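Undergrad: Can you build the whole structure from these sequences, using the hints too?
Number of protein chains: 2
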Amino acid sequence: MSWLDAIKWDDQGLVPAIAQEAGSGKILMMAWMNREALRLTSESGHAVYWSRSRGKLWHKGEESGHQQIVHAIHLDCDGDAVLLEVEQKGGIACHTGRQNCFYRELQGDEWVEVLPVLKDPGEIYKS
Amino acid sequence: MSWLDAIKWDDQGLVPAIAQEAGSGKILMMAWMNREALRLTSESGHAVYWSRSRGKLWHKGEESGHQQIVHAIHLDCDGDAVLLEVEQKGGIACHTGRQNCFYRELQGDEWVEVLPVLKDPGEIYKS
Numbered sequence: 013m014s015w016l017d018a019i020k021w022d023d024q025g026l027v028p029a030i031a032q033e034a035g036s037g038k039i040l041m042m043a044w045m046n047r048e049a050l051r052l053t054s055e056s057g058h059a060v061y062w063s064r065s066r067g068k069l070w071h072k073g074e075e076s077g078h079q080q081i082v083h084a085i086h087l088d089c090d091g092d093a094v095l096l097e098v099e100q101k102g103g104i105a106c107h108t109g110r111q112n113c114f115y116r117e118l119q120g121d122e123w124v125e126v127l128p129v130l131k132d133p134g135e136i137y138k139s
Numbered sequence: 013m014s015w016l017d018a019i020k021w022d023d024q025g026l027v028p029a030i031a032q033e034a035g036s037g038k039i040l041m042m043a044w045m046n047r048e049a050l051r052l053t054s055e056s057g058h059a060v061y062w063s064r065s066r067g068k069l070w071h072k073g074e075e076s077g078h079q080q081i082v083h084a085i086h087l088d089c090d091g092d093a094v095l096l097e098v099e100q101k102g103g104i105a106c107h108t109g110r111q112n113c114f115y116r117e118l119q120g121d122e123w124v125e126v127l128p129v130l131k132d133p134g135e136i137y138k139s
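Protein chains in written order, with the working numbering: chain L, 13 to 139; chain A, 13 to 139.
Think of the hints as simulated: they come from the structure by calculation, not from any bench. These numbers were taken from a predicted model, which means no experiment stands behind them. Some hints here could point you the wrong way.
Since copy identity is lost for identical chains, a pair holds within one copy or between any two.
Mimicking PhoX-like on lysine-lysine, the simulated pairs with C-alpha atoms at most 25 Å apart in a straight line are [to be verified]:
1) Lys101 <-> Lys20
2) Lys20 <-> Lys138
3) Lys131 <-> Lys38
4) Lys38 <-> Lys138
5) Lys138 <-> Lys68
6) Lys138 <-> Lys101
7) Lys101 <-> Lys38
TA: Here's what the structure looks like:
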């Protein structure tokens, strides 16, 4: 019985993972992990997700340098959601160059962007 | 074009919703919403989720009294995750009687319960 068996993987073998910044408590992003991603996250101490769009493991920061150092891993009551407490390298979690991905806020019946772009994505992802 | 159209509902018409306590920044829970749940959440100012196990709308706190008053609704960059800032009535978000659902922490290769039960579930859910 592995600790990984406590997780209720969905029918695609994935579980949602929330990354929260240690200290500030800011929610940085939500992504997905498969069994291998979560095992690697625990073993390496760096967040590894499963990219559903690319269909492969995604070592967060592999291109951008914006790695997430994992301080703690939590599991919820139903075993179907994971919470990571992380240190965000570069202070930028979002591929848009913002501090976090939840930069749109509902105001009335419109989504308003409430966080600034800290770095041009073109500079983050040099081809 | 409704603000609800900005959301990338999954193939079951759902989106994951994270509830974070306003002020403390604590992550309380993660649940799911369909279009109707999110619309009702915005209109009523109280969190409404979609219960996948019961297959119906779940007005959080309808049985327990542990409602969530919604201060803000955020959407992420990909439009496939929602973040709610809420005030948690009763200070208990989890059906186990704990402050939040992420009460298990990975220590070595074991999940350890790190939050106390504040109220017996039998007292919360009187039949």
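Undergrad: If a hint holds in the structure, say so; if it does not, say that too.
TA: Hint check results:
Neither within a single protomer nor between protomers do lysine 101 and lysine 20 lie at most 25 Å apart by alpha-carbon distance, with minima of 30 Å and 28 Å respectively. For the homomeric pair lysine 20 and lysine 138, neither the shortest alpha-carbon distance inside one copy (37 Å) nor that between copies (28 Å) is at most 25 Å. Proximity of lysine 131 to lysine 38 under the C-alpha cut-off of 25 Å is restricted to the intra-copy arrangement: shortest distance 19 Å within a copy versus 28 Å between copies. Within a single copy, lysine 38 and lysine 138 get their C-alpha atoms no closer than 27 Å, and across copies no closer than 35 Å, so neither meets the 25 Å cut-off.
In this assembly of identical chains, the alpha carbons of lysine 138 and lysine 68 lie at most 25 Å apart only when taken from the same copy (21 Å versus 46 Å across copies). Only within a single protomer do lysine 138 and lysine 101 lie at most 25 Å apart by alpha-carbon distance; the minimum there is 18 Å, versus 47 Å between protomers. Taking CA atoms no more than 25 Å apart as the test, lysine 101 paired with lysine 38 passes in both settings, with 14 Å inside one copy and 21 Å between copies.
Violated hints, listed in ascending order, are 1, 2, 4; each of the other numbered hints is respected by the structure.
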